[in-house]
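Enquirer: Below are the chains, spelled out letter by letter.
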Amino acid sequence: MSSQDIPEENLPVTQDTTGSVKLADEKNPFADPGLPPHEHRIQDIDERAAKRSERTVALLFTLSMLATVGFIASYVTIPVDKSVYIFPLGHIGALNFALGMTLGVALFAIGAGAVHWARTLMSDQELADERHPIEASPEVRAKVMDDFRQGAKESVLGRRKLIRNTMFGALALFPLSGVVLLRDLGPLPGTKLRHTLWSKGKLLVNMNTNEPMRPSDIIVGSLTFAKPEGLEEHDHGFQTEIAKAALMLVRIQPDNIKDKQSLEWSHEGILAYSKICTHVGCPISLYEQQTHHALCPCHQSTFDLADGARVIFGPAGHALPQLRIGVNDEGYLEALGDFDEPVGPAFWERG
Amino acid sequence: MSTTTTPESRSRGKAPAGERVADWADGRLGIYSLAKANMRKIFPDHWSFMLGEICLYSFLIIILTGVYLTLFFHPSMNEVEYHGSYVPLQGQLMSEAYKSTLDISFDVRGGLLIRQIHHWAALVFLAGMFVHMMRVFFTGAFRKPREINWLFGFLLFVLGMFTGFTGYSLPDDLLSGTGIRFMEGAILSVPIVGTYISFFLFGGEFPGDDFVARFFSIHVLLLPGIMLGLVVAHLILVFYHKHTQFAGPGKTNNNVVGMPLLPVYMAKAGGFFFLVFGVLAAVSAIATINPIWAIGPYRPDMVSTGAQPDWYMGFSEGLIRVMPGWEINFWGHTLVLGVFIPLVIFPLVLAAIAVYPFIESWVTGDKREHHILDRPRNAPTRTAFGVAWITWYFVLLVGGGNDLWATHFHLSINAITWFVRIAFFVAPVVAFIVTKRICLGLQRRDKDKVLHGRESGIIKRLPHGEFIEVHEPLSQEQLHTLTAHEQYAPVEIGPTVDENGVRRKVPATEKLRAKLSKGYYGEDAQIPKPTVEEYKEITSGHGHH
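Protein sequences appear in the order of chains A and B. Residues 1 to 351 (UniProt numbering) make up the first sequence, in order. Residues 1 to 545 (UniProt numbering) make up the second sequence, in order.
Just so you know, the hints here were simulated from the structure itself, not pulled from any lab data. Just to be clear, a hint being listed does not mean it is correct.
Stated by the list, open to error - Partial chain A-side listing against chain B, Cβ under 10 angstroms, derived:
1. 112
2. 114
3. 139
4. 140
5. 171
6. 186
7. 347
Note that the Cβ used here is the ideal one computed from N, Cα and C, for glycine as well.
Chain B with its partners taken away, still in its complex shape (with noise of 0.2 angstroms):
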């Protein structure tokens, strides 16, 4: 356990054999000054710091369970006639990716478990680090210095949905194959380049001899070395920043509380990966995912109903099945916008999420360190936005699933859709609207909670005949957690004109910047914390309790 060395150790020269090795280690890595810095390292406490936990194990996990994948699968498109010991198959004619994935479920033995728990661990992968972002999103962790941890944590998102993609797609099985074909079409609409980058991309037409041996490559070698790399880098940053923690007795922006690594954090953590990696195999063991053989192999004119992605590629069906078929024709070209907007809209999606901390630092023009999260009432803007953001979200799901949410809710399809166009655009501003007034009742809330105590329960009769509900005064440490937060004041433009009647002029984004800053934190905007002379007026005074 421990590493240093006892002086009295060292003299005798027979120092324990961890020591010697430790000591050797040191000598040419220098390790001892790596774990002065981090083996104690404090790791606050809260039960949403795991998500981002949860991702990084099943990232290990998929990679523990993709490289044995890797061991049994062809990434071939070459037909072949399927002999195999799956009997409603024999006979049929399919592609050895196909055929090799059907013999690590039938054939391998453990091979089924491990193809469903790399698939269910990217699944839980994905949808962990949406709701890591958003744990990171709704409570301010992205503010300085953690801006581009932020974004490394992005692309991971976006890189994980495309590996997840090229992943599924592998087994060259009908849905699919279905999803490649919707991405071609999808890349054909590309204006000018479109045809070449198809053509380019399937080695010629669809669906050719080559995507599956290409998608292959990409899939194991390009994006997961990418993703390492940016792991890695995410996880460095973590150690580097510190934790963030939220406001409360004896934490400050200066210091962080909490568990140290060694031992209590690293056995919690290190127990976490199998208790994760339990649940998974477990899950693998009762729920079929993704079960290709009742799927069948992929024919470039067979379909089934009910054709759907992944849920994480979800959002991006929803906006080319509500998109109106829009073409233009002209000078002998095709723009396909029906096609074509939603592959842009797809990116700009991501794009608004990824780029709102600059932004919001741009509009509070706030150039300090920040340590201590918000809670997500005390910044409404901000969570009026995310929540917006989500909305627009799980809107553009609905409209991925349309023909689900039809046959499963008894729905017209044409209604849903037409739901979906509406919802789009109007969904994410009634979300605004909303959360921003529950965020801003909270913060009422507290402020009475502050001034007046918690309510006890109890009645308590006066000697005139009225009741009254006996309000319990707050602890000072649940006083300092309730005022803790900063409220910042709008940006003013400043005087237009200066001390000599000359009229200045203030740039468009100055003026745009004092707006966007009124709206974060003018009077409709923030209830005024609770201040220290209201509170002493208060208790000072007449006294329900």
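Excised from the complex, chain A in its bound form (with noise of 0.2 angstroms):
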């Protein structure tokens, strides 16, 4: 192990005559010196050490396959519902956890032993190759050039314009049958955007309980989420119907109420707003109660409620809508038509 045991014609001054570092320059002290000559490492001259380093390869090659052999051995016995206690993850996926281990350690450990074995064991000599420029020479660029104008020329690309022309023409238009192909993508917008489900008449049902609301099942200072009457969870085209009907509802005392057409289209202090952000269409959930500021949790844009939903902070480009609601004969919130502005996005028609 220690360096007096390894034999005299290992050492480096014996093995190695022509790399003695060149002495400074007299004329240039900053020009090149050329590679440093090769330094050994212990590998290269005690054939123990490299020894060791052959069962350290070879150690965690073997690693690698008793970790395989643990990968199946895991797959096969632990369920895959089983939860372990695993200081500091916590309660976590027994099979995840085994798997991933085992793979880890498996394809680690290859990796670690070829690194190894390249670093201790292969060549550590540095070798230099030489570039040579990207550019072809003068002779082989004009040969080039010369093969293209022949090429071209006997082409009679040219001469013939009429066949140039047509040709450029048939290669401009053809992609348009690709673009025309697009169309059945979707269908056009017309006026899709500005139209919710809600109606004149449609009772507001509420989001969690499923059932019409009367006005006093709202108080004041909470938050509800409301649906059109007659939409369904289980409906095709639920998620897209709810994407523009969401509707929050809130009460706030009627005096606070700042906006004069927010109060006359609310119903006893209670409004109903668009829940779709105006910004980029994320439902808006956070309501405090105190101030009657609502925000957007994805970009935080601010509405206050009791001022036309108007926007007080954030991307957001303009209030959010209000619904007119009233109650009918029996009691029940209902709305009085649909938005009269488009919901949640801004975009081109919208004017």
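Got two chains here, separate frames each, mind docking them using the hints?
Expert: The structure is reproduced here in structure tokens:
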């Protein structure tokens, strides 16, 4: 192990006679002294160290084999729903942990073995390769240019203009077929973004209880989510309809409602606003009852629900649309029409 | 191992099996000519050259695990009721895409592991590309002849972002659905064609029944196909150009010094693939990523707080969060500047770094090949630009996570938003100036080291009582390494009046170029490197050493 035991002929001094350090250049001290002499590793001069490296690499490869066996054993024996407590991770899926760790060790050990092998036992003598310019030599360039000119001339493309022009025309037109084929990716927008399921007489149905609501169900300071009567979760197209029709109800003391039109459209202080943010369409769901502010959790647009839901902070561009509501003969809250402006994010045709 | 055939073994007609297979292949594919050029190809060694390898290997891991996931994933938006083994979601309505992702996570043995490796590898892939790109940028490795490879790499980064985005949107969970909604809102803001693009993409109104299936083919076929082609082209060019190297003794612009591909580099690089894969597997065993079962299926009227995209989309999130909500209504139309401007800046942020190599080569006018890497300090303006860009990027990342900054550090979200709005313009400028000063300081230090030697830490007392620190002269290797870089002289416009006294018209582009060149290489932009004369004068005269 100690260096005294190393046979004399293996020591660097006797091994390496060519690579002595060049003395500093007298004329130019900054000149390139050339590649530094190769420095030997312990494995190069001591066969026992090399053996040790060999055993380390073999050990790592063996560890990998064992880990793969462990992987298969885990796959076969551990039930997929078994949970174990592992400090400090807590309760986690046993199978995922076992498979991941065994696979990780199996792969890592192969990598570690290969790198250790390369670093300690393969030659570490640095070699130099020459680079050659990427550019072709002038002769090659001239030849290519000549060939091209010859080819172009033989094609008579330059002379027969009619062929050239019609060919360009044909090549330019045919991709249009591909573009046309994309037409049926979806219907045209039309006025679809302007309308929701709300219409005159539709009852406001509580999203949680699935029951129509009376004004007394909504207390001051609460936030309630509603959907139009007749829209059920199992319906086809529920997702697309609720993406526009989702409604949030708040109740504010009528004296605290600052916006006049807003007050008119409300019922006994109950205000119905679109739940879909006018920024990029996230559902607004954070309500601060003291300030009457509603906050969109996605991009933090903040709306003052007591003041016509105008934007008081954040990137939204306009107020939340309000739905006119009233009560029907049986005392249930109902819509008095659709939103009078498109809900959700603004778009070019919105106006 | 070796495929060279000795004449002896040929004449006996009993070459080893490996050689005979190689001969057979060579007769059809010409592999020997290929191997001659490449088998012992030299690769220089530096820790930073491993960053690109991380990207390559994580890309391969993503493909391997992704193929496995397609065997179980159903890219369908049909609504189904859940009756699987994850109890908390029993009876819930969800899309088949979400349900099959739950099944992969809870019922397929090892499915969760592969899903998590896939997601972790994607995060590492993008992070690796980002850092690799910065390595290439700050060392000037993008210079001729590697500009096209820079663009290939840049395209891989951008496509990787969108492949990641379409990928994490596939499970149709509440978080990713919110991201899709954001994307739809952004598309709607595009003037004139926005609504049409949105309707064509989603097959009608949002969310519709189509986008998961459509994103699926984009995610597993279209984008990875293009990326695979680009990766191959990227690697071919790396081989063809031969790798760059840092300056040092024996290393010139006309050689490449390092270890041969076979065996050292093959073992190291091949081994590194397993190291990356192993680490990703272990990480996936202990760290959950994207627990869609805890997030729940997507409903357009529901959302959770702290909604964040994966990190690489964070800067676009920042753009959209801090932009004031400008909207202009005219003639029955709406110009949604509050969303559209961020949508336009998003590619511009990326393009700023992509086109930089072409701007620099225009300013320098240098048409030579460059294979020796710059130390960042020796290209202060480039380094400062790069740091300014990173600062820009990170300011936007802060903006993208403004809610998390607010809740974790108990800050006002309004204050953070305003900070980002101002820092968007100011921080890059400050970063540019500071970085440039630091680079110049480091250049001065290098110059000092060359001329006066290294501070040895040894204090010597002179006979008359003065204390001095002994400076040790550098070896010639070190002297060479520290003075090997080139320094450009600024471009001059030249005389505006020719010998006959006729005024020459100087194009504006040329004036701009001269101005930029002065900013790059003028007196205040670089410290002249020490000359041999300076060195000799100092070392021959009084000597502290």
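Enquirer: Would you check whether residue 114/A satisfies its interface hint, that is, whether its CB is within less than 10 angstroms of any CB in chain B?
Expert: Holds - the Cβ of residue 114/A comes within 10 angstroms of chain B, reaching about 3 angstroms at its closest.
Enquirer: Holds or violated: residue 139/A as interface residue toward chain B, Cβ cutoff 10 angstroms?
Expert: Violated. Min distance 20 angstroms.
Enquirer: Can you verify the interface hint for residue 140/A: is its Cβ closer than 10 angstroms to any Cβ in chain B?
Expert: Result: violated, 16 angstroms to nearest chain B Cβ.
Enquirer: Does residue 186/A meet its interface restraint, that is, does its C-beta lie within less than 10 angstroms of any C-beta in chain B?
Expert: Status holds, d = 4 angstroms.
Enquirer: Hold the hint about residue 171/A up to the distance rule: shortest CB distance to chain B must be less than 10 angstroms.
Expert: Hint on residue 171/A: violated, closest Cβ of chain B at ~22 angstroms, above 10 angstroms.
Enquirer: Is the shortest C-beta separation between residue 347/A and chain B less than 10 angstroms?
Expert: With a closest approach of 4 angstroms, the residue 347/A hint holds.
Enquirer: Under the criterion of a CB-CB separation shorter than 10 angstroms, is residue 112/A in contact with chain B as hinted?
Expert: With Cβ-Cβ at 7 angstroms, under 10 angstroms, it holds.
Violated hints, listed in ascending order, are 3, 4 and 5; each of the other numbered hints is respected by the structure.
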